[in-house]
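Asker: Construct all of the structure, not just a fragment, from the sequences and the given hints.
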Amino acid sequence: MKIAITEHKGVKVFGLSGDVDMYSSPELRKELLSLVGKKAPMLLIDFREVSYIDSSGIATLVEGLRGMMSHGGKLKLLGIPERIVEIFSFSKLDKVFDICGTLDDAFKG
Amino acid sequence: MVVTVPSDPQYLCVVREVTAKMGQMHGLGEETVEQIRLAVDEACANVIKYAYRGNADKQIVVRYHVDPERFEVVIEDSGIKADPGAVMGRKLEDVRPGGLGIHFIKRCFDVFEFDARKKIGNRLRLVRYLKESNEDRNNGT
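Here the protein sequences come in this chain order: A and B. Start counting the first sequence at 1; every next residue gets the next number (the working numbering). Start counting the second sequence at 110; every next residue gets the next number (the working numbering).
Don't read these hints as lab results, they were simulated from the structure. Do not take every clue at face value.
[What the hints assert, rightly or not] Pairs of lysine to any residue, SDA-like flavour, derived with a Cα cap of 25 Å: (1) B/200 / A/69; (2) B/200 / A/83; (3) A/30 / B/227; (4) B/158 / A/26; (5) A/2 / B/123; (6) B/227 / B/197; (7) B/215 / A/2; (8) A/74 / B/122.
Answerer: Next comes the structure, spelled out in structure tokens:
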């Protein structure tokens with residue numbers, strides 16, 4: 001997994017690529033929680049280049065979401081590939097996360 | 110087919126790759142392959158986390174038996190014995206970090222059983238029956 005942190009319209013975007021698994025999720029957790037701690041109003045995680053995610057990756061996202069919610073911030077997930085969306089829907093997390101199709105969608109509403 | 114990997118999370122990608130290839134070679138559908146890959150990965154991650162308590166110097170042995178009726182995976186370790194009664198995930202409605210892996214395993218495999226005859230470590234047997242159409246199963250019909 002690689003993480004590329006960029007900024008779009010003043011919002012930090014976590015661009016993930018590769019496999020988010022038990023091996024790589026500690027790095028994601030460290031980077032994500034570090035930014036969550038800065039209490040930004042919104043963070044975006046770009047999934048377009050993610051090939052795989054396991055329960056440890058999802059647990060990291062849930063932790064990040066809780067952290068953002070604790071200060072009234074939003075954590076949005078962008079461009080999740082279809083086969084990975086299925087994991088979110090099975091876990092009932094598609095109802096919990098704000099999932100956007102495109103970068104522009106993330107800034108609507 | 111047998112694959113032995115160190116109990117180091119960086120080798121989980123090897124297990125995933127082999128598992129997916131085994132599914133593809135035996136004609137399983139793409140969605141089924143994805144589910145099996147995730148389930149076997151989660152089972153091996155549990156070995157690392159719970160049986161070996163994060164010790165990366167141990168071994169995990171993964172055996173595959175596939176025939177027209179079943180896709181069977183047997184995962185062995187020499188770590189701390191699992192308590193089968195305690196192996197359960199969180200309620201899916203209870204949104205919090207952790208507790209999902211076991212759901213990914215059990216939704217995919219029809220049989221989830223620890224071999225009580227194994228004296229040291231664990232032998233987890235996972236079986237997915239292939240008689241019913243995978244499409245039907247995945248559609249929940």
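Asker: Hint by hint, which ones does the structure fall short of?
Answerer: Hints 3, 7, 8 are the ones this structure does not satisfy, whereas the remaining hints hold.
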